[in-house]
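**Student:** Just so you know, the protein sequences line up as chains A and B, in that order.
The opening residue of the first sequence carries number 33 in the numbering used here; numbering runs sequentially from there.
The opening residue of the second sequence carries number 296 in the numbering used here; numbering runs sequentially from there.
Just so you know, the hints here were simulated from the structure itself, not pulled from any lab data.
Please note: incorrect hints may appear among the correct ones.
Unchecked claim - Mimicking DSSO-like on lysine-lysine, the simulated pairs with C-alpha atoms at most 27 Å apart in a straight line are:
id, chain 1, residue 1, chain 2, residue 2
1, A, K380, B, K349
2, B, K349, A, K111
3, B, K349, A, K121
4, A, K121, A, K426
5, A, K377, A, K426
6, B, K349, A, K426
7, A, K111, A, K357
8, A, K380, A, K121
9, A, K357, A, K426
10, A, K111, A, K426
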Amino acid sequence: MQLKLGRGARTPDKHRTARAPANGARRPRRQALLAAALALPGLGVTADAAAAGNAPEEGQIGFKILYYQDSQPSGNRMKVIAPSVHVAKTVLGDWVIQGSGVVDVISGASPLYHSTLSGASGRGIEDRRLAADAKVTRYFERWALGVGVGRSDEHDYRSNVGSVDVRFFTPDKNTTLTLGAAVASDRIDSVNNVAINQRRTTNEFLVGITQVLSPNDIVQSNVTIGRGRGYFNDPYKSIDIRPDDRNQIAWLTRWNHHFESANATLRSSYRYYRDSWSVTGHTLGAEWVQSHGNGWFTVPSMRYATQSAADFYFDPPFPTGVGTKPYYSADQRLSAFGAVTPGLKLIKEFASGWAIDFKAEYYEQRAKWRIGGNGSPGLETFRAHMFQLGVSTKF
Amino acid sequence: MRVLAAVVCCLALGACGSIGSVEAWQKGNLAKRSMSFDMDPLDDRFTQHTYQSKENMSGGYGVGGGGCGCN
Numbered sequence: 033m034q035l036k037l038g039r040g041a042r043t044p045d046k047h048r049t050a051r052a053p054a055n056g057a058r059r060p061r062r063q064a065l066l067a068a069a070l071a072l073p074g075l076g077v078t079a080d081a082a083a084a085g086n087a088p089e090e091g092q093i094g095f096k097i098l099y100y101q102d103s104q105p106s107g108n109r110m111k112v113i114a115p116s117v118h119v120a121k122t123v124l125g126d127w128v129i130q131g132s133g134v135v136d137v138i139s140g141a142s143p144l145y146h147s148t149l150s151g152a153s154g155r156g157i158e159d160r161r162l163a164a165d166a167k168v169t170r171y172f173e174r175w176a177l178g179v180g181v182g183r184s185d186e187h188d189y190r191s192n193v194g195s196v197d198v199r200f201f202t203p204d205k206n207t208t209l210t211l212g213a214a215v216a217s218d219r220i221d222s223v224n225n226v227a228i229n230q231r232r233t234t235n236e237f238l239v240g241i242t243q244v245l246s247p248n249d250i251v252q253s254n255v256t257i258g259r260g261r262g263y264f265n266d267p268y269k270s271i272d273i274r275p276d277d278r279n280q281i282a283w284l285t286r287w288n289h290h291f292e293s294a295n296a297t298l299r300s301s302y303r304y305y306r307d308s309w310s311v312t313g314h315t316l317g318a319e320w321v322q323s324h325g326n327g328w329f330t331v332p333s334m335r336y337a338t339q340s341a342a343d344f345y346f347d348p349p350f351p352t353g354v355g356t357k358p359y360y361s362a363d364q365r366l367s368a369f370g371a372v373t374p375g376l377k378l379i380k381e382f383a384s385g386w387a388i389d390f391k392a393e394y395y396e397q398r399a400k401w402r403i404g405g406n407g408s409p410g411l412e413t414f415r416a417h418m419f420q421l422g423v424s425t426k427f
Numbered sequence: 296m297r298v299l300a301a302v303v304c305c306l307a308l309g310a311c312g313s314i315g316s317v318e319a320w321q322k323g324n325l326a327k328r329s330m331s332f333d334m335d336p337l338d339d340r341f342t343q344h345t346y347q348s349k350e351n352m353s354g355g356y357g358v359g360g361g362g363c364g365c366n
């Protein structure tokens, strides 16, 4: 849908480039063309699709299906098939409504402790998670206000979340300051009756800045702080006693650079993480978006992550260390490791506005790949295969 | 934590003060989808959800994702 190119307009077509204004005096009108350039940290699970300093002109609907299977050398673990949908639409000029939903169909086996699977062939786990969220954003001349809600439902876990964010734009829209806050209220009722009506409340805060550095460079730096209070144990582990609070800080910086001569974009990121369980982590990401013309893109990607172990994580053999500290966990996810994810994505965009994409990724987590210290010994290598198939269009 | 916040603020203020202005008509490349921090919301969601459930690290991208029984 083509609306008038005035206030609130943005370039709806990524192939279209901004042209020099015919008349310099009209330049401010054309500021809208920066569009996706100022895309901001999303509040709510859904990031603010294409939201820049203005409401996006076109609606967008996307559907994706994920196939996920993880494993260790001694056997398969969890499988997830997850169809999902995302819709964003501008109404009344300055209001953006967006929503999304996902169904996770989960099956497989989960470790009882360390990488010991539950049962010889893995005690079966079958579950289904339904999650949905909605967000409304009102754009004003120099700022925007967003309010979001979300819900995630499993038969043993329910989470409700509400969020609010405010974004301030400089007059040239080269700089955006984002402030956000969210509260999540979770309830846990494990099927084995270990956790009955247990609660957890998490408050999250975000401060972020997005800055256009040059016609080919944009950076974003966000700090998020999370304060969780309540039940953190994993009720399905043999012994798992965690603190009833966790404070987290994550500092994410992203830098996108466009190489005009190569018709490609390098998307890089670094995240520093630390929490009150003594876990420190570093995550590096890079994606190369290569345009081949005719709407075809290939996107090779690589991610590396490393973390230290929680101070109450104990190495095998299980249950060494139980009782020596107030807390105890043998959860592999709290161990020290390094992990890599190579991936490849193919995108085909059609002139009609339709697009299809396919992505394949492989994830491997190993103790010896940790950087900055020793990895946790005695665990099996953890692997996952991930495939995504997506289709989207504009309306 | 406070030190980190202070560093971010300093960097942010420094960046705002020193960066040359990019004019609206120079933003053609910046408007490409590949330059957006929100290039594919569903992909980002899958990816972040997966890592959040297999690693202890999370956060940085936004707030309000909510909890799940996966971790």
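**Student:** Decide, hint by hint, whether the structure agrees.
**Tutor:** Structure-based check of all given hints:
Taking the CA atoms of A/K380 and B/K349, the gap is about 31 Å. The hint is violated against a cut of 27 Å. Distance check on the hinted pair: B/K349 and A/K111 sit about 13 Å apart at the alpha-carbon level, within 27 Å; holds. Proximity of B/K349 to A/K121 is assessed by CA-CA distance (about 33 Å); at most 27 Å being required, the pair is judged violated. For the given pair, A/K121 sits about 9 Å from A/K426 by alpha-carbon distance, which is consistent with the 27 Å threshold.
For the given pair, A/K377 sits about 21 Å from A/K426 by alpha-carbon distance, which is consistent with the 27 Å threshold. A threshold of 27 Å between alpha carbons decides the hint, and for B/K349 with A/K426 the separation of about 34 Å lies outside it, so the pair is violated. For the hint linking A/K111 to A/K357, the alpha-carbon distance of about 34 Å lies beyond 27 Å, and the restraint is violated. Between A/K380 and A/K121 the CA atoms are separated by roughly 22 Å; this keeps the pair inside 27 Å, and the hint holds.
Straight-line distance between C-alpha atoms of A/K357 and A/K426 comes to about 56 Å, which puts the hinted pair past the 27 Å bound. Pair hint A/K111 plus A/K426 does not hold up; C-alpha atoms about 32 Å apart against a cutoff of 27 Å.
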